[in-house]
Amino acid sequence: MKRLFFFAMTFFLPLLAEELSPKPLSNSLKGIRFVNKWERVERAPELPLYTVTAEGLFLFDLYPSFLSKLQSSYIGSPLTKGTLERLETEIVEFYASKGQPFVVVSIPEQDFGPGELQVVIIEPRFGEIRYKGNKYSSPERLGALAAMQSGQPIDTEKFLRNLTQMNRTPFRRTDAMWKAGVKPGTVDLELDT
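Residues in the sequence shown are numbered from 0 upward in steps of one, following numbering that gives the first Met the number 0.
Keep in mind the hints are simulated off the structure, nothing from the lab.
Here are the simulated DSSO-like cross-link-like pairs (lysine-lysine), alpha carbons at most 30 Å apart as the crow flies:
id, residue 1, residue 2
1, Lys97, Lys36
2, Lys97, Lys131
3, Lys157, Lys36
4, Lys36, Lys68
5, Lys178, Lys157
6, Lys182, Lys134
7, Lys68, Lys29
8, Lys182, Lys157
9, Lys157, Lys68
10, Lys80, Lys36
11, Lys97, Lys68
12, Lys97, Lys182
13, Lys29, Lys97
14, Lys134, Lys178
15, Lys97, Lys178
16, Lys29, Lys80
17, Lys80, Lys97
18, Lys131, Lys178
19, Lys36, Lys178
20, Lys131, Lys157
21, Lys68, Lys22
22, Lys68, Lys80
23, Lys80, Lys22
24, Lys134, Lys157
25, Lys182, Lys131
26, Lys157, Lys97
27, Lys36, Lys182
Taking CB as the label site, the calculated pair distances span:
id, residue 1, residue 2, range
28, Ser137, Glu41, 45 to 51 Å
29, Gln151, Asn26, 38 to 44 Å
30, Pro138, Pro47, 44 to 50 Å
31, Glu189, Arg39, 30 to 36 Å
32, Glu84, Ala43, 20 to 26 Å
33, Ser76, Ser105, 19 to 25 Å
34, Glu41, Ser76, 18 to 24 Å
35, Thr163, Tyr135, 14 to 20 Å
36, Thr88, Lys134, 41 to 47 Å
37, Glu139, Trp37, 33 to 39 Å
Every value quoted in this text rests on a predicted model; they were computed, and no experiment measured them. Backbone N, C-alpha and C fix where the C-beta goes; we use that ideal spot for every residue, glycine too.
Make the full structure from the sequences, and use the hints.
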């Protein structure tokens with residue numbers, strides 16, 4: 000019995016330790032490229048060394064300091080599954096802090112060996128407003144109060160201020176619910192008055 004236990008420990012313990020240890024996908028992350036469409040992912044990208052770049056991403060254009068922060072945090076470090084998870088979380092939290100909680104962050108299948116990472120970030124745009132139960136306010140009036148433009152980035156903080164303004168009148172109560180958009184890559188708003 001002791002021999003069987005010893006065999007199991009000597010055979011399976013190294014396999015278990017290997018599975019639990021964070022094996023690097025790459026020894027050193029040399030570049031990160033953020034894109035806004037799957038079509039922009041390249042099979043063998045030639046990224047500028049030791050930089051973080053973004054293509055077509057509204058918030059990254061507005062806040063280039065966030066790219067600098069990512070560069071100092073990740074470039075030159077080993078790339079592991081844990082690193083990828085932390086990066087995804089940091090991006091989602093950044094978007095949420097800027098009033099855009101609907102972002103989708105994806106890491107496409109790629110060769111991490113050269114230390115180059117491509118990340119797809121989908122920034123959903125505002126789709127349309129759907130109205131429900133409004134007996135006393137016209138859809139045009141509610142839409143104007145919501146101040147959301149189709150195709151524009153979603154700013155939930157601004158919308159919440161507008162919703163508060165809508166509900167200041169004692170004769171109307173408006174509730175809002177975000178829903179998946181009818182068009183791909185959009186988020187629709189349902190106003191229930």
